[in-house]
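Sequences and hints are given; from them, build the entire structure.
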Amino acid sequence: MSRIFHQAPKAREVILAVALFLLAGICEAVTLPRTTIRALTLPNGLQACLVEDRGAPVVNVQVWYHVGSKNEVPGRTGFAHLFEHLMFEGTTNIGADQFSDYVIRSGGVDNAYTTEDSTVFWETTPSSQLPVVLWLEADRMRHLDITETAFNNEREVVEEERRLKFDNPPYGTVVETLYQHAYSVHPYQHMTIGSMHDLDNARLEDIRDFYDTYYEPNNATVVVVGDMDPQETETMIRKYFGPLERGTHLPTNHIRQEPPQTAERVVKLSLNVALPAFVEGYHMPADGTPDAYPLRLASNILSEGESSRIYRRLVYDKQIALEAQSTGNFTEDPNLFFVFAVMNQGHTPAEGEAEVEAELTRLKTQTVSNDELQKAKNETLRDFILSRQTVQTRGEELGYAAVILKDANLVNTEPARFLAVTPADIQRVAQKYFVAQNLTLVEVYTKSAVGEKQASEQGAGEQ
Amino acid sequence: MSAPADQRGAIPGQMSFRAQRGISLCAGVDRSPSQSREVGAKKNQSEIPRCARNDIKAAARQLTGRTPKGYLFCLAVLLFAPLALARDFPPEPLPPKPLVLPAPALRVLPNGLKVVVIERHLLPILTLRLVVKSGAESDPVTLPGTAQLVSALLTEGTSTRNASQISEAIDSIGGLVDAGADWDESYVSLSVLNDHEDLAFDLLSDMVIHPTFLPSEVERKRKQTLSGLEVVRDDPDYVADAALRRLAFLGTSYGHPEDGTISSVRRMTPEDLRAFYNNHYQPSNAVLAIVGDIDTGEAFELAEKRFGAWTNRATPLIPAASPAVGSHRIVAIDKPDAVQTEIRIGNLGVPRQSPDYLALSVADQILGGPSENRLFKALRSHEGLTYEASSELLSYQTAGVWLAKTFTRTPETMKSVHLALEQIKRMHDHPITPQELETAQGYLIGHLALDFETSEGVASQTLELLVYNLPLDYWNRFPEKIRALTAEEVWNAARQRLAADNSIIVLVGNLSGFEKDLKKLGPVQFIPLAEVDFGSEELVPSGGRAPQRK
Numbered sequence: 450m451s452r453i454f455h456q457a458p459k460a461r462e463v464i465l466a467v468a469l470f471l472l473a474g475i476c477e478a479v480t481l482p483r484t485t486i487r488a489l490t491l492p493n494g495l496q497a498c499l500v501e502d503r504g505a506p507v508v509n510v511q512v513w514y515h516v517g518s519k520n521e522v523p524g525r526t527g528f529a530h531l532f533e534h535l536m537f538e539g540t541t542n543i544g545a546d547q548f549s550d551y552v553i554r555s556g557g558v559d560n561a562y563t564t565e566d567s568t569v570f571w572e573t574t575p576s577s578q579l580p581v582v583l584w585l586e587a588d589r590m591r592h593l594d595i596t597e598t599a600f601n602n603e604r605e606v607v608e609e610e611r612r613l614k615f616d617n618p619p620y621g622t623v624v625e626t627l628y629q630h631a632y633s634v635h636p637y638q639h640m641t642i643g644s645m646h647d648l649d650n651a652r653l654e655d656i657r658d659f660y661d662t663y664y665e666p667n668n669a670t671v672v673v674v675g676d677m678d679p680q681e682t683e684t685m686i687r688k689y690f691g692p693l694e695r696g697t698h699l700p701t702n703h704i705r706q707e708p709p710q711t712a713e714r715v716v717k718l719s720l721n722v723a724l725p726a727f728v729e730g731y732h733m734p735a736d737g738t739p740d741a742y743p744l745r746l747a748s749n750i751l752s753e754g755e756s757s758r759i760y761r762r763l764v765y766d767k768q769i770a771l772e773a774q775s776t777g778n779f780t781e782d783p784n785l786f787f788v789f790a791v792m793n794q795g796h797t798p799a800e801g802e803a804e805v806e807a808e809l810t811r812l813k814t815q816t817v818s819n820d821e822l823q824k825a826k827n828e829t830l831r832d833f834i835l836s837r838q839t840v841q842t843r844g845e846e847l848g849y850a851a852v853i854l855k856d857a858n859l860v861n862t863e864p865a866r867f868l869a870v871t872p873a874d875i876q877r878v879a880q881k882y883f884v885a886q887n888l889t890l891v892e893v894y895t896k897s898a899v900g901e902k903q904a905s906e907q908g909a910g911e912q
Numbered sequence: 002m003s004a005p006a007d008q009r010g011a012i013p014g015q016m017s018f019r020a021q022r023g024i025s026l027c028a029g030v031d032r033s034p035s036q037s038r039e040v041g042a043k044k045n046q047s048e049i050p051r052c053a054r055n056d057i058k059a060a061a062r063q064l065t066g067r068t069p070k071g072y073l074f075c076l077a078v079l080l081f082a083p084l085a086l087a088r089d090f091p092p093e094p095l096p097p098k099p100l101v102l103p104a105p106a107l108r109v110l111p112n113g114l115k116v117v118v119i120e121r122h123l124l125p126i127l128t129l130r131l132v133v134k135s136g137a138e139s140d141p142v143t144l145p146g147t148a149q150l151v152s153a154l155l156t157e158g159t160s161t162r163n164a165s166q167i168s169e170a171i172d173s174i175g176g177l178v179d180a181g182a183d184w185d186e187s188y189v190s191l192s193v194l195n196d197h198e199d200l201a202f203d204l205l206s207d208m209v210i211h212p213t214f215l216p217s218e219v220e221r222k223r224k225q226t227l228s229g230l231e232v233v234r235d236d237p238d239y240v241a242d243a244a245l246r247r248l249a250f251l252g253t254s255y256g257h258p259e260d261g262t263i264s265s266v267r268r269m270t271p272e273d274l275r276a277f278y279n280n281h282y283q284p285s286n287a288v289l290a291i292v293g294d295i296d297t298g299e300a301f302e303l304a305e306k307r308f309g310a311w312t313n314r315a316t317p318l319i320p321a322a323s324p325a326v327g328s329h330r331i332v333a334i335d336k337p338d339a340v341q342t343e344i345r346i347g348n349l350g351v352p353r354q355s356p357d358y359l360a361l362s363v364a365d366q367i368l369g370g371p372s373e374n375r376l377f378k379a380l381r382s383h384e385g386l387t388y389e390a391s392s393e394l395l396s397y398q399t400a401g402v403w404l405a406k407t408f409t410r411t412p413e414t415m416k417s418v419h420l421a422l423e424q425i426k427r428m429h430d431h432p433i434t435p436q437e438l439e440t441a442q443g444y445l446i447g448h449l450a451l452d453f454e455t456s457e458g459v460a461s462q463t464l465e466l467l468v469y470n471l472p473l474d475y476w477n478r479f480p481e482k483i484r485a486l487t488a489e490e491v492w493n494a495a496r497q498r499l500a501a502d503n504s505i506i507v508l509v510g511n512l513s514g515f516e517k518d519l520k521k522l523g524p525v526q527f528i529p530l531a532e533v534d535f536g537s538e539e540l541v542p543s544g545g546r547a548p549q550r551k
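In order, the protein sequence lines correspond to chains A and B. Start counting at 1 in the first sequence, then tack on 449, and there's your number in our numbering. Start counting at 1 in the second sequence, then tack on 1, and there's your number in our numbering.
Among the clues, some could well be false.
Straight line, CA to CA, 27 Å or less: simulated DSSO-like cross-link-like pairs of lysine-lysine [claimed, not checked]:
1. B:Lys-416 with B:Lys-520
2. B:Lys-426 with B:Lys-378
3. A:Lys-717 with A:Lys-855
4. B:Lys-426 with B:Lys-520
5. B:Lys-482 with B:Lys-98
6. A:Lys-767 with A:Lys-813
7. B:Lys-416 with A:Lys-614
8. B:Lys-482 with A:Lys-614
9. A:Lys-896 with B:Lys-224
10. A:Lys-855 with A:Lys-813
11. B:Lys-98 with A:Lys-688
12. B:Lys-416 with B:Lys-482
13. B:Lys-224 with A:Lys-767
14. B:Lys-416 with B:Lys-426
15. A:Lys-881 with A:Lys-519
16. A:Lys-519 with A:Lys-767
17. A:Lys-717 with A:Lys-896
18. B:Lys-98 with A:Lys-717
Simulated DEER-style distance windows between Cβ atoms [what the hints assert, rightly or not]:
19. A:Ala-885 with B:Glu-305: 52 to 62 Å
20. A:Asp-820 with B:Asp-203: 14 to 24 Å
21. B:Pro-337 with A:Thr-810: 39 to 49 Å
22. B:Pro-412 with A:Asp-782: 36 to 46 Å
23. A:Ser-818 with B:Pro-111: 37 to 47 Å
24. B:Asp-89 with A:Thr-490: 20 to 30 Å
25. A:Glu-681 with B:Pro-111: 18 to 28 Å
26. A:Thr-684 with B:Asn-503: 50 to 60 Å
27. B:Gly-298 with A:Thr-810: 45 to 55 Å
28. A:Lys-896 with B:Thr-297: 55 to 65 Å
Hints listed in this document are in silico derivations from the structure and should not be mistaken for laboratory results. The beta carbon of each residue, even a glycine, is placed where N, CA and C say it ideally should be.
Written as structure tokens, this is what we have:
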């Protein structure tokens, strides 16, 4: 596969300032390990971020395509994810389903996932497999070969996935309902899995167009973390990905942004579940923006650990909920800050909502103590450190920083953004975002066991 | 960024910084069922279609060997040259790197507590994991769920700290605590940043040695557990697993739900919990693993300081071995609002220490593991009937079951059942191929490097050996043992387990969609979901009406 490169520019090698920083307040003895990133851009637009990590003889490769379900148009929901499945169905060079075999016979694992914003393919293998994996990824970036049979088959597989994760389990459709109502124009309105109707209507003809639009080197970022020499890996990347031609019709920003919500929206669902529940979604800003950091810490204060406020109030003290949590779904475009609870038997969603409201009000009216904020920061830093334990989670963070946050070096600098948050910041974001006009609420009621039993008994009597 | 759907069982090593933990309402979508790399986690992948490339490689090998047969082979391949030459092939891998497994330091304290230390200085983090070698299998027969409730209460109060003080102490230093009970073990683990090691040892030993089982805390956990049990009763995946377990592990101490039943959890008293605790939580029945950024000498010192005074009461009562497992039957649980049917097929397996365990593990890889997965190929790759089809060995101290599982849309239920049974029959009737063997061996051996990547991984691999009394050099010898297995040995191990044609089949779904065809398979026991009682070996309330056979 050796070809002549077009004037390969010297790697834009980013050697980041060596600055092991101490985490003031958390513990003097702990230093966060720094990540040295070798970043490069090929003439065809492909980006790559390489990190050497000799902790174990394993390597993780990820290819991030900057396309997710938010790039889908009405009537074509679920297409980005369906396409992800097709990427395993063979190329002009290797047969259907051979891809994973190359990985697995070495002891490695591979998979892929699709989110609202991106589609990510990854492999974690013994480090000796690195050239094989890079070749395989380069191969399927431009040489996919999909048959009608494979397409129809995978569509059915994806429909089973939808049934498994959304249609069959208890509470499976609650979040889908929330997004349908919280968004009116932005494509976050629909789930990444897509609607059954649209999946049914997906056509093979659409495949080529989607592939040629989004699966191009200039829309992709290759991440390699692990037991490898970055210089040698760069050579391999140039060899395998370099010959691929730059795509020509990557669409520029066509995503309609959501207008501000002006009034509270409430949806009531009656489901075949044992316990009532509710989910609140407050619109909040995109990930990486200044307000995202205090919001993340607010989420910790509200529900991280058994000493957190919402857990304490709803689950421990009042014992009205089985589980109660808050969490932000931080994404490239503005998304929702969730608070949800599954109520204990005999307790209504309204009771839970009132208790959550009391906690949100407390956050808005009283500044958190320095100790409580420090606790939230410590938890964040712990997660930050734990996420560096495997080459795969390191690759994940790196790809996310590079592709979604547009700054790979955030894997080093982001903790400082959390540490800089003050009690006043927490109060300010709570006052700004946790307001009724910004809220969509989904209440889940049970088709009560008693009621249903009576109904079916009555039904039987009538027959 | 959506979190992967299955974050519940994530261990710290798998945690993504942005991942959500706890109950996740935001389901992500993956190409294959499991995105996790947990130790022992399965991911289903498809069988490789043998293609021209392998033929060419084989031919090339033959050619260099200069056997007459080799030339013929090569000629045959050349006939297809136009097709073959149009293709490009992946490069060869780099030479494999030797895997050096960390050697854990082991010391037994005078009270019998085994202490294992694994130094890992890559990150400033320390994990302590205390394992008691008794889990749900040691639940009193009438009180399933005892082991889990006991472990859940360890974090809820000691003689010197109440529940709030414990959670406050852990949360304020950014610590992460987890307590639970599985089969054959109960555990508490605590991860902290390394400058809080003394507090970590203090807290962990306090929770393990001095729990109080305060009635008010027992009531809280009881209520929470009951709510959880009510929710999962509507989850077809849970119901299918629990029902299959009940039937397949019939007559053993592994048949009940490990999280208990609504009736057993209602009945448990603080005294029941204390009795379990007193019997099983003893240093001679426990292992403490210390992994991470700590010096071995210091680790032993801290272990001695905090756990040295822990005393034994009496020899723990361990349930008697009863390797009998259930025999052929078909149970269908009706959930009329289901759009998919959960399918479970149980067959004989082996206990963890069985000499056949490794051979059967290879067979299991071929039937439903990540490599050469026959079930995945038959049900997903070829037919698009499911998102997942896999098998696994449930291998415990004294009993084992070989489980196959899948699910499908209601109208395809019987087709899927037949295809899965066909693969099980094929495993019994026909030898496995050399290629299948080679791929399964390659996966199991190569995957060790991934299993030992993190401190948590090293700890779990080591603890498994200590819980199941396996030799400490087990993993070092694992590659040579796997490589030595022949196709014949692997097939024999599988064939023996499948010989009785003993498949236990459990279906959970909308019966009206497949009831008629199911009956053609044999006598079926039909149970409406609301009537299922996991507390009973018959799955219906004992003393109630006889199972309804149609």
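Hint compliance check: list the failing hint numbers for this structure, sorted ascending. 3, 8, 10, 12, 16, 18, 25
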